[in-house]
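Chemist: Required output: the full structure, derived from the provided sequences and hints.
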Amino acid sequence: MKDALAALGRAAFGEGSVQRARSLDELAALPRGPVLVALRHAGSTSRLLSELIGEGSAEPAVSEQQALAAFARLGLAVRARGQAADPAPRLALAAATGKLLRALLESLQPLSSADFLLFALEPGAAPAPLQSTLLSVVVRFSGADEVALDRTLFALACQRSAPLELVVAAPSGAALLEVESALARHAPLQTFTGRALAADGAHFSAAAWAAGVTAAQGRYLAVLEAGDLVYPHHYPDLMTALAREDAGVALARGRSAQLGPAPDGTSFVSGKTDEAALDLGSLIRERKLTAAAALFDRQRLGAFALDRLDPTAKDPEGLLLLRLFALLAPAHSAAALPSFEHPARAWPAPARSAELPVLRSLGDLEQLLALAPAPPWLRYRVADAVNSAFRALSGLWRKR
Amino acid sequence: MDAQAPLWLGIVLYRTEPAALALLQRSLDAAARHPRAPALTLRQLDNSPPARNIGFGAAHNKLMAEAFEHPATRAYLCVNPDAVLHPDCLAELWAEAQLNPRAALIEALQHPDEHAKPYDPATHATPWASGCALLITRLAYEALGGFDERFFLYCEDVDLSWRARAAGLHVGVAPRALVHHYVADRTADHGSVAQMEKSAALLGEKVAASPELRAVADLRHGLKFAKARW
Numbered sequence: 081m082k083d084a085l086a087a088l089g090r091a092a093f094g095e096g097s098v099q100r101a102r103s104l105d106e107l108a109a110l111p112r113g114p115v116l117v118a119l120r121h122a123g124s125t126s127r128l129l130s131e132l133i134g135e136g137s138a139e140p141a142v143s144e145q146q147a148l149a150a151f152a153r154l155g156l157a158v159r160a161r162g163q164a165a166d167p168a169p170r171l172a173l174a175a176a177t178g179k180l181l182r183a184l185l186e187s188l189q190p191l192s193s194a195d196f197l198l199f200a201l202e203p204g205a206a207p208a209p210l211q212s213t214l215l216s217v218v219v220r221f222s223g224a225d226e227v228a229l230d231r232t233l234f235a236l237a238c239q240r241s242a243p244l245e246l247v248v249a250a251p252s253g254a255a256l257l258e259v260e261s262a263l264a265r266h267a268p269l270q271t272f273t274g275r276a277l278a279a280d281g282a283h284f285s286a287a288a289w290a291a292g293v294t295a296a297q298g299r300y301l302a303v304l305e306a307g308d309l310v311y312p313h314h315y316p317d318l319m320t321a322l323a324r325e326d327a328g329v330a331l332a333r334g335r336s337a338q339l340g341p342a343p344d345g346t347s348f349v350s351g352k353t354d355e356a357a358l359d360l361g362s363l364i365r366e367r368k369l370t371a372a373a374a375l376f377d378r379q380r381l382g383a384f385a386l387d388r389l390d391p392t393a394k395d396p397e398g399l400l401l402l403r404l405f406a407l408l409a410p411a412h413s414a415a416a417l418p419s420f421e422h423p424a425r426a427w428p429a430p431a432r433s434a435e436l437p438v439l440r441s442l443g444d445l446e447q448l449l450a451l452a453p454a455p456p457w458l459r460y461r462v463a464d465a466v467n468s469a470f471r472a473l474s475g476l477w478r479k480r
Numbered sequence: 103m104d105a106q107a108p109l110w111l112g113i114v115l116y117r118t119e120p121a122a123l124a125l126l127q128r129s130l131d132a133a134a135r136h137p138r139a140p141a142l143t144l145r146q147l148d149n150s151p152p153a154r155n156i157g158f159g160a161a162h163n164k165l166m167a168e169a170f171e172h173p174a175t176r177a178y179l180c181v182n183p184d185a186v187l188h189p190d191c192l193a194e195l196w197a198e199a200q201l202n203p204r205a206a207l208i209e210a211l212q213h214p215d216e217h218a219k220p221y222d223p224a225t226h227a228t229p230w231a232s233g234c235a236l237l238i239t240r241l242a243y244e245a246l247g248g249f250d251e252r253f254f255l256y257c258e259d260v261d262l263s264w265r266a267r268a269a270g271l272h273v274g275v276a277p278r279a280l281v282h283h284y285v286a287d288r289t290a291d292h293g294s295v296a297q298m299e300k301s302a303a304l305l306g307e308k309v310a311a312s313p314e315l316r317a318v319a320d321l322r323h324g325l326k327f328a329k330a331r332w
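If you read the sequences in order, they're chains A and B. For the first sequence, the positions run 81 to 480 when the numbering used here is used. For the second sequence, the positions run 103 to 332 when the numbering used here is used.
If you're looking for bench data, these hints aren't it; they were derived computationally from the structure. This one's a predicted model, so the numbers in the text were calculated from it and none came from an experiment. Do not take every clue at face value.
[As the list claims (entries may be wrong)] Lysine-lysine pairs mimicking DSSO-like chemistry, simulated, CA-CA at most 30 Å apart:
id: 1; chain 1: A; residue 1: K352; chain 2: B; residue 2: K164
id: 2; chain 1: A; residue 1: K394; chain 2: A; residue 2: K352
id: 3; chain 1: A; residue 1: K352; chain 2: B; residue 2: K329
id: 4; chain 1: B; residue 1: K300; chain 2: B; residue 2: K164
id: 5; chain 1: B; residue 1: K329; chain 2: B; residue 2: K308
id: 6; chain 1: A; residue 1: K179; chain 2: A; residue 2: K352
[Stated by the list, open to error] One-sided excerpt, in silico: chain B residues whose CB lies under 7 Å from chain A:
id: 7; residue: R128
id: 8; residue: H188
id: 9; residue: P189
id: 10; residue: D215
id: 11; residue: P223
id: 12; residue: C234
id: 13; residue: A286
id: 14; residue: G293
id: 15; residue: A330
Where is the CB? At the ideal position from N, CA and C, for every residue including glycine.
Modeler: Next comes the structure, spelled out in structure tokens:
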């Protein structure tokens, strides 16, 4: 734990000595300035299981929410956070039982694997409370395709939910400069507020997710990748679904676009495939559910840790959604047509069921994700009807 | 905005929401500031009551006639009032029109749900071009005379495209010129359906009467007027 705390301190403040604390009381007594703190985590798996079998520890511990509230009261802002495991947890459980229970708890809340919560703190304001009507969309841009980023931002700037905050996370350097330029290009539409955010680290996707979600100020939250395109009603429909079902997360159907290079360097769409339904096969067996399908209501989700993806998982987003659905039933958009699209991707190999311990049965999850909104009388259906009449007419003309 | 500008841009309104028009106007301002965008003149014609609604094609024809009266005008761009132009749209449409000396009609690529009709990824040629954001060159205007005003709404763009192709002119897409326009989820009332049927019948009648149009028309795919890519 000491080594992990020292590493966190170096990453946050560089080399040099920084004061340290091991409890909130110690922290309150320290002079104002940068500080590293390690707190025993009340929500750790070890702690919870100890309580369960009647071996609760007398050593004081705090939840993450209690810690963050205390930092805010002390006028301290979190510069960096980390976690550490107890190298020798004592638990009077059979090994297999302990392992299964740990897996279950960690599938619901990844932070439960942390025996210690580590923070690098500095004087500063606590984060602002969530803005109750604001939609925040986090976009992750790895720097690979600036045209894809531009098209994603253009679609977002023209979608119909307001107010809208765009938080675009990219690696420092040229990619971040490109983000700033792309946001400025679409700013004249005056439909959003935007900011570029640096996200560095070995696992860009998870780092960008964490940085973006932490920085986002909206009660309503969505996460896209550069290249994803939302149609104008995507977020309004999802917000309606959240309100209708009093849900913490809502899902929409999407489609994948098969892209290939054209001779002039533009990308050419050769086909699009609608995802028929959000069924369990898509979620687990084929792992086709992307975060772009989801809109989260952070106020309703409460303490669920949306800001952490497991960067070592084959499908970090899918695991996060699965954990969430194990706790809360998602609402579904009532739109009859897919409302977003994403480039066709090479999806990760299906995970073995042992990697997905959840508290709901798979059958129960499947029912939760079943989707069957009745299509209304839409323009494309009108076109189909007129086509039939038109074909009959053209047949007559050919005979003339 | 300059009456001697090489590009005229026309918008035909019909009960357009002020917020939608303001958004289009902001997008136009941004697109016009692009360093490679041509100077342009903007004109609007409102078909809303109390004015008599003369139809989409006839209204654009009036604006087009005014535009091409000026010898400096090289092209007319019709833009739907519920569209939003990408900041690069004008520059890219203009550049695409310069690529082919037979260019007659160049449409912007609809975004975010691209139109499913095909186009050649090398030449950008397409069977027909949508009137949502359509650049009509002087060559096309002088050869074809604008839209057929018998089409009140719908199919006038397909008719113009087929007449252009029958005359040996180029009808193409500008893949880098994006226009935000999404109508797939709009509900259709009986009036729209009746109008669509009437326009489709007129188009079929014209094709049946003209061997030149028959040579380029595609009636096998119904109102898609081409084999869709998806």
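Chemist: Compare the structure with each hint and give your call.
Modeler: Status of the hints after comparison with the structure:
| no. | hint | result |
| --- | --- | --- |
| 1 | A:K352 <-> B:K164 | violated (39 Å) |
| 2 | A:K394 <-> A:K352 | holds (25 Å) |
| 3 | A:K352 <-> B:K329 | holds (14 Å) |
| 4 | B:K300 <-> B:K164 | holds (23 Å) |
| 5 | B:K329 <-> B:K308 | holds (21 Å) |
| 6 | A:K179 <-> A:K352 | violated (43 Å) |
| 7 | R128 | holds (6 Å) |
| 8 | H188 | holds (6 Å) |
| 9 | P189 | holds (5 Å) |
| 10 | D215 | holds (6 Å) |
| 11 | P223 | holds (4 Å) |
| 12 | C234 | violated (14 Å) |
| 13 | A286 | holds (6 Å) |
| 14 | G293 | violated (11 Å) |
| 15 | A330 | violated (10 Å) |
This entry does not satisfy hints 1, 6, 12, 14 and 15, going by the numbered hints stated previously.
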